[in-house]
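K.L.:
Here is how the chains run, residue by residue.
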Amino acid sequence: MSDITTLSEAVEELVHDGDTLALEGFTHLIPFAAGHEVIRQGHIELTLVRMTPDLLYDQMIGMGCASGLVFSYGGNPGVGSLHRFRDAIENGWPSALEVEEHSHAGMANRYAASAAGLPMAVMRGYVGTDLMAHTQVEEIECPFTGEKLVAVPALDLDVAIVHAQEADREGNVQLWGIPGVQKEAVLGARRSLVTVERIVERLEPRPGAVVIPGWAVDAVVEAPAGSLPSYSLGITERDNDFYRAWDKLSRDRDEFRAWMDEHVIEGAPA
Amino acid sequence: MSDITTLSEAVEELVHDGDTLALEGFTHLIPFAAGHEVIRQGHIELTLVRMTPDLLYDQMIGMGCASGLVFSYGGNPGVGSLHRFRDAIENGWPSALEVEEHSHAGMANRYAASAAGLPMAVMRGYVGTDLMAHTQVEEIECPFTGEKLVAVPALDLDVAIVHAQEADREGNVQLWGIPGVQKEAVLGARRSLVTVERIVERLEPRPGAVVIPGWAVDAVVEAPAGSLPSYSLGITERDNDFYRAWDKLSRDRDEFRAWMDEHVIEGAPA
Amino acid sequence: MATEAPAAATAAEIQTVVAARLLRAARSVFIGVGRPSTAAILARELYNPDLVLVYESGTIGAKPRRIPLSIGDGELAETAEAVVSVPEMFNYWIGPGRIQVAFLGAAQVDRLGNLNSTVIGDYEHPKTRLPGAGGAPEIALGCPEVIVIAPHDARTFVERLDFLTTVAAPSAVITDLGVLEPDPETKEMTLTRLHPGVEVGTVREATGWDLAVADAVTTTEDPSAEELAALRELIAR
Amino acid sequence: MATEAPAAATAAEIQTVVAARLLRAARSVFIGVGRPSTAAILARELYNPDLVLVYESGTIGAKPRRIPLSIGDGELAETAEAVVSVPEMFNYWIGPGRIQVAFLGAAQVDRLGNLNSTVIGDYEHPKTRLPGAGGAPEIALGCPEVIVIAPHDARTFVERLDFLTTVAAPSAVITDLGVLEPDPETKEMTLTRLHPGVEVGTVREATGWDLAVADAVTTTEDPSAEELAALRELIAR
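Top to bottom, those sequences are chains A, B, C and D. Number 279 marks the last residue of the first sequence (our numbering); no jumps. Number 279 marks the last residue of the second sequence (our numbering); no jumps. Number 317 marks the last residue of the third sequence (our numbering); no jumps. Number 317 marks the last residue of the fourth sequence (our numbering); no jumps.
Honestly, the hints are just simulated from the structure, not real lab data. We treat Cβ as the ideally placed atom computed from N, Cα and C, and that holds for glycine. Among these hints, one or two may not hold up.
Stated by the list, open to error - A partial selection of chain A residues facing chain B, derived with a Cβ cut-off under 8 Å:
#: 1; residue: Ser76
#: 2; residue: Leu127
#: 3; residue: Glu156
#: 4; residue: Ala160
#: 5; residue: Pro162
#: 6; residue: Pro216
#: 7; residue: Gly217
Using the sequences provided together with the hints, build the complete structure.
P.N.:
If you want it as structure tokens, here you go:
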């Protein structure tokens, strides 16, 4: 049974400077509220892991939380660049960012290997690309057919944080809609936190739902609207206007910092 | 879009003597009606693949359909032995049966590799057991950690047959309850047949359902009660009495043959 | 009105109750059908309502009211917290050791607690073809603690397995005569406990190797009236 | 009442319509956001109602009524035949080649149709850090047919990629000026079609390598009034 606690307590207990931390959610259910709490607590030297850094990691990188980034697609979906991500890589602002990048298939398999407690996963890919020379991937031969495949290493996650629609009072979690790699992230990390839109008496089984038993999660926190400007299918809607506005808001370092101060640092929940 | 056809036509078109054939369903949704049609059509020299041969493969083996069996647990669950399976292995009746056995984890990973179109899957297991020397499994080293893991080869399936609760008129399939390895079997085989309890106008999304799009399936056949004496959750109930009765019915070769003649050979649907 | 005194516990009932008691503090247990399943359901009803029952069919946190005949019975799916595919069960749940205790049975057990469920006799020309490995090898490898439940006789407890199906290294072997536990040094399964009324000599005779006996062999606490009543009521449902 | 004649098709509109037409007979198409997604949705509405749209977010058979901003928009999940996890999407659907056609974009395209979406400049000290590989490398490897959709200019169509992200070997590159297809012998992307009003010289100038031109260059059929109206109505929704 997972602890049902507050966001500040959960982040204090589970996240430490220097951790390797995954906040997952593939376009859907991105745990913005939890990421903002990590920013407010001033954590530094984090290695941030996420397939699609999205606005959340743009914010965390721009606020100086990260010394490393492991990812596969660092864009503002449908809009363009992530300016804080680019500024960190291109100019080392606010600090140098060590980058380890993969393809989506590679990252997905790395998460799956972590969830399985295996050191690696085997797949087809990478061969012939320049990624091969710039990331962790090794050729491996099939002992039955002789085919050359590639191996990618499991992710080594200290903490995973995901957002879901619901949990019950025992901390059993249910999410539905696009499931991404959230189950793999939670199962693959040493410690895990799930923020939810609402805590309910009893989980009503839903079509397409992923259920994670409470005993496989360390902490559950109620965080209504906690995935905005991403969304929680059936409860909140994606704020596409904010995704577009971010392109301008985030271009200038000072404007970005001012926005974060006003909306994230000062905007702490009681 | 899959063809919606009759059971006899589908089996005639998709199953050929000598095929490697998987009829899957882990305790639940075992495709008995389709297996009986394979028996009626007199197919021989099949290599039958199934994690748990169960009564269905006991029947198919006893009726002389199989020259090979690939499996991981050949018992009558909760009851005891499968007598036709044992008679084939111990005494070569009605003909010799070449056996290739794995653990459940090995078989599950072999199905998953087939569904992924990969030649093999990597896992932990087998090491230290006598299975290692009697089946297809090879040591493989993790290129990142040096850990010795094992590789199992993908299944090479000509045909997969599974049973589900529902399909719509486009042949989209929905099953719910214990999902077993049915999705992997269908996606991993060259040809696939799904028998269903009922064809509906529109699939109503269900909690815990696995949906397989019609374009990923070759043929869909309506076969009400087609998983009995196994069951289709929400529609039919497992006939536990028959599983117990089979222990006696199947011990004697003549009694077995008489029962099959009366209930399967003569019991052909119009 | 006088109630008839209940019949004394049978050896099988004692075995089941002893297995159930081992789950008093367990978080989760992996079980097949038969006596292990009965013991785990009993433990959940009597001592440990939060015990998570996991069956290899894919049901996590099943809450059966009756003893299932097969590990895929509908009631298990309908009462489970989560139902997953077989590949997910082995890869994401069993392999990484998320299920704390595994209850396993076998046709043969050796002095280190290794198991045979494949063949009696030669593999190529078996005297008796058994069902085979099923989930056992990777369940034993993945679960942090393995407990073996087997009938105590010399056909089962053998000097040498006809086939090594599962490397088990159990923390305990619960039989209908007593309990064996690994010697801390040699890891050999050693008699540490006798069920009520059983003599050491009986266990020795029912064991196919020269059975080691602990210095202080304890005696199993008799099943309480409540335990016996609950077990019998469960079986009768 | 006289209706105003619609404005002539823009280069971007022609590019989108040409891409959509290539999906007339396709069974399934893998798409990201932007012009590829618009083209595929248009194809489904105009020519091929059974076309299966697949987004890497995990939605198979999505039926969006509007152009999604992101590949994970709620409408895609709500209208899909099936929604799967990202590992399942890549391992069970894309990897084995179940999705027939892939529409890919890129920041740079070379003469063999290989793609860069990683960096402009040196990898360690990039001039411009681009988003990175995303799903492209394994989508290009898995899908039987790859079609590249890119704006035609010399910054995009380069002699040498700054980074080889995706080995694509496309069957066609659809630009806003025309269509390139691989020469059957050399596999070099060769100009085979011009959009209405475009000259060969314009395309040569907009290409960073010495562009090969097919012996018989055809001209793209003008978007019909129906195609244009449908595209504009879709974008306006």
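K.L.:
Taking the hints in turn, state whether each one holds.
P.N.:
Okay, the hints, checked on the actual structure:
1. A hinted interface residue such as Ser76/A counts as satisfied when its beta carbon comes closer than 8 Å to some beta carbon of chain B; here the least separation is about 22 Å, so the hint is violated.
2. For Leu127/A, the interface hint holds, the least distance from its beta-carbon to any beta-carbon of chain B being 7 Å, beneath 8 Å.
3. With its C-beta approaching chain B no nearer than about 5 Å, Glu156/A sits inside the 8 Å limit, and its interface hint holds.
4. For the restraint placing Ala160/A at the interface with chain B, the shortest Cβ-Cβ distance is roughly 5 Å, inside the 8 Å limit, so the hint holds.
5. Given hint, Pro162/A at the interface with chain B, holds; its Cβ is 4 Å from that chain's nearest Cβ, closer than 8 Å.
6. Taking 8 Å as the C-beta contact cut-off toward chain B, the hint placing Pro216/A at the interface holds, the least distance being around 3 Å.
7. Interface hint at Gly217/A: satisfied, since its Cβ lies 7 Å from the closest Cβ of chain B, which is below the 8 Å cut-off.
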